[in-house]
Amino acid sequence: MKKLVISVVLVNLLAACASEKPKETVVAPPPKQFTREVVATPAPPPPAPVVDPLNDPASILAKRSVYYPFDVAAVQDADKPAVEAHARYLGEHANRKVRLEGNCDERGSNEYNLGLGQRRADGVKKMLELGGAKSGQAESVSYGEEKPKASGHNETAWAQNRRTDLIYAK
Amino acid sequence: MLLRIVRSVVGLLLLVQASMACAVLNIEIIGAGEHQIPVSIVPLGGDEKLAQTINDVVTGDLQRSGLFRLVDPTGKSPHELAEVSYPDWQVRGAEALAIGTVAVQTNNRIEARFRLLDVVKQTELIGQAVSASGDQARAIGHRIADLIYEKLTGDKGVFSTRIAYVNRQGQKFRLIVADSDGYNEQVVLAHSEPIMSPSWSPDGSHLAYVSFETGHAAVFVQSLYTNQRMVVADFRGSNSAPAWSPDGKQLAVVLTRDGSSQIYLMRPDGSGIRRITFSGAIDTEPNFSPDGQHLLFTSDRGGSAQIYRMQIDGGPEQRLTFGEGNNFSPRHSPDGKNFVFAHLVSGKFYVAVQDFQTGQMSLLTEGGWEKKPSFAPNGKIILFASEARGRGILATVSSDGRVKQHMFTQSGDAREPVWGPNF
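In the order they appear, the protein sequences are chains A and B. When we follow the working numbering, the leftmost residue of the first sequence carries the number 584, and every step to the right adds one. When we follow the working numbering, the leftmost residue of the second sequence carries the number 11, and every step to the right adds one.
Looking at chain A on its own, in the form it has when it is part of the complex (with noise of 0.2 Å):
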């Protein structure tokens, strides 16, 4: 503990070297005192803040990903409803742009499977606009296979690479 606040104070005083800052006071945490629980009528809940459900981690729309069979670029089923709740929330959110990324395994050349990708990309652009989103919210690009998200010459990486990313403009 000696040791680690010598260590603290060291970067402290190191920092202030380096930068100028003024120098920070570390003030221990107050204790903890105990506290008589009073049972009261609740208050008026305050008005539910709105919410954009894009950053609602439960919410279908934090699936940002789309994962593909071998050399097909059709969205499957089980992502379906992912990739429409996205199209009603551009539909909804007229100001919000999505940058759609496709890509592919590596077995293949990297021309062939940057038109595979770009092929997945398309298929989910149009999704999106079938479902809601207007022309111009969505922008498609391929990677081909040559941003692996994972490595390695077998099916566990491979299926992670056949994608394509759902990219939110901030």
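There may be inaccurate statements among the hints.
The following residues of chain A were derived to be distant from chain B, with all beta-carbon distances above 12 Å [stated by the list, open to error]: (1) Val633; (2) Arg679; (3) Ala742.
Straight-line Cα separation of at most 16 Å, EDC-like style, residue types lysine to aspartate or glutamate; simulated pairs [said to hold, decoys possible]: (4) Lys730/A / Asp268/B; (5) Lys709/A / Asp268/B; (6) Lys131/B / Asp145/B; (7) Lys358/B / Asp639/A.
Computed from the model, here is a short list of chain A residues facing chain B with C-beta under 10 Å [claimed, not checked]: (8) Asp654; (9) Tyr695; (10) Tyr726.
Since the hints were made in silico from the structure, they are not lab data. Even for Gly, the Cβ is constructed at its ideal location relative to N, Cα and C.
For this one, chain A is given, so just place chain B on it according to the hints.
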């Protein structure tokens, strides 16, 4: 001939402007040609250090071709014709003998005077001076190796040519031009976004390639002399697979601007664009025939990736590969009689060739992770991307499949190799 030497050496010189990277290569040779010509290379007289470099290059080139057996010259070191005693070399079993001298001239250029002698007939086959600027000793070695190769095999040498490839190291991509033996690397472009599909202009002055630096695949053309570059195709979606016509006046490219990947022709500055395939499938990897009349390409229009051929002026399109597996990346042989491609079957990639006349396909390699084959300008060697010890490497195989070699670059994965032209 001499004019050509001068031009190629000038080209090399200008390339040095690009940032230099020295790589130590480790080259492994597997197999040997059927009939090896026994030849003895005597280290040149004169400047010892230059002679050593030149000797290493000449013997390395000849050995890697698989067509020569090097006869040890130890104990004898003639440099002039008058010093040659033919029986010494007949006893050692040499059929040809190379001798000569090298010196740095007053203008700082290196000049090698070399002779190739027929030991059996006791005649001179070549007597020639080869010169280059002071830092180009390796270029002189490649030139001498080419002259020996041409004289003794009857085929054009390719040791003085260059190759291009992409080196990937983590998130760093570098487009590299190097000598045919992998030495003398020059970095043409370095970027954190992928680079792929380099393609040489027929005169060796420019590379077309695909870079993702604009956020998606776009086609660039870059001068190797000035390093000046321009975007020639940057439409929405993907722009890729550039291929030069043999006269250098057209580029075939693949665009997705009208839907799926289709083949278009344009001028090398991006103007005059017109679409030439209308399949709605993936049509990609166009490659011009040597006469400029046909294109080979990869398409999945029949349900899986196969090789097709079409006429430039829009004649009927013909499927060339059938049977089990998928086929990719076709390239014509320089004589136009066959084509090389990557054959994928049962999870392995092979380098394969197919004869246009007979339709016969043959595999040149044992299979593995072998992609993007391309012919040397003399049609005798095929360069491709392979994998060994967990790394992407450059590899070659002789067009008869007998001699193979692996070239390990210093670091990272070598990908997307393509052999440059003779010029």
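Taking the hints in turn, this is what the structure says about them:
1. The beta carbon of Val633/A sits about 32 Å from the closest Cβ of chain B, which is more than 12 Å, so the claim that it is off the interface holds.
2. The Cβ of Arg679/A sits about 18 Å from the closest Cβ of chain B, beyond the 12 Å cut-off, so the non-interface label holds.
3. Every Cβ of chain B is farther than 12 Å from the Cβ of Ala742/A; the closest lies at roughly 14 Å, confirming the non-interface assignment.
4. Restraint check for Lys730/A and Asp268/B: the C-alpha separation of about 25 Å exceeds 16 Å, so the hint is violated.
5. At most 16 Å may separate the alpha-carbon atoms for a hinted pair to count; Lys709/A and Asp268/B meet this at roughly 14 Å.
6. A distance of roughly 37 Å separates the Cα atoms of Lys131/B and Asp145/B; the hinted pair therefore is violated under the 16 Å criterion.
7. Distance restraint check for Lys358/B and Asp639/A: the Cα-Cα separation of roughly 43 Å exceeds the 16 Å cut-off, and the hinted pair is therefore not satisfied.
8. For Asp654/A, the suggested interface contact is upheld, since its CB lies about 7 Å from the closest CB of chain B, less than 10 Å.
9. At a threshold of 10 Å, the smallest CB-CB gap from Tyr695/A to chain B is about 5 Å, leaving the interface hint in force.
10. The interface hint given for Tyr726/A holds, since its Cβ lies 7 Å from the closest Cβ of chain B, which is under the 10 Å cut-off.
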